[in-house]
Amino acid sequence: NLTSIIIPEGVTTIGDNAFALCYNLKEVTIPESVISIGNYAFERGFSLVMNVKKDSVAESFARKERIPYMTY
4 NLTSIIIPEG VTTIGDNAFA LCYNLKEVTI PESVISIGNY AFERGFSLVM NVKKDSVAES
64 FARKERIPYM TY
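Numbering (this note's numbering), first residue to last: 4 to 75.
Hints are not guaranteed to be accurate.
So the derived label-pair ranges between C-beta atoms look like this [said to hold, decoys possible]:
no., residue 1, residue 2, range
1, Lys57, Gly13, 17 to 25 angstroms
2, Lys57, Asn4, 26 to 34 angstroms
3, Asp58, Asn4, 31 to 39 angstroms
4, Glu68, Val14, 29 to 37 angstroms
5, Thr6, Tyr43, 16 to 24 angstroms
6, Ser63, Ala23, 29 to 37 angstroms
7, Lys29, Lys56, 13 to 21 angstroms
Since the hints were derived computationally from the structure, they do not count as laboratory data.
Virtual Cβ for every residue (Gly too), placed ideally from N, Cα, C.
Based on the sequences and whatever the hints tell you, model everything.
Now the structure itself:
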């Protein structure tokens, strides 16, 4: 039933499959401190939109995985 996540500043890694199959996940905010996002970390997040820092690893990940995102 998880619908929204804010990853705290200072977190550096989101592991493989961390939020995979979270079908209800709509929004995740990822800080600039995240420098590594694992394989399939957001697999099957069909309605997911990411909030990411411009020019960050998270923005590159979202672009590569074709996940809709907004920059801040």
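Each hint tested on the structure:
Here the CB-CB span from Lys57 to Gly13 is close to 19 angstroms, well matched to the stated 17 to 25 angstroms. One distance hint, 26 to 34 angstroms for the beta-carbon pair Lys57 and Asn4, holds here, with the actual separation near 31 angstroms. The hinted range of 31 to 39 angstroms is satisfied by Asp58 and Asn4, whose Cβ atoms lie roughly 33 angstroms apart. In this structure the hint that Glu68 and Val14 lie 29 to 37 angstroms apart at CB is violated, the actual value being about 19 angstroms.
A hinted range of 16 to 24 angstroms holds for the C-beta pair Thr6 and Tyr43, which are about 20 angstroms apart. At roughly 19 angstroms, the beta-carbon separation of Ser63 and Ala23 lies outside the given 29 to 37 angstroms, and the hint is violated. Separated by about 19 angstroms at the C-beta atoms, Lys29 and Lys56 satisfy the suggested range of 13 to 21 angstroms.
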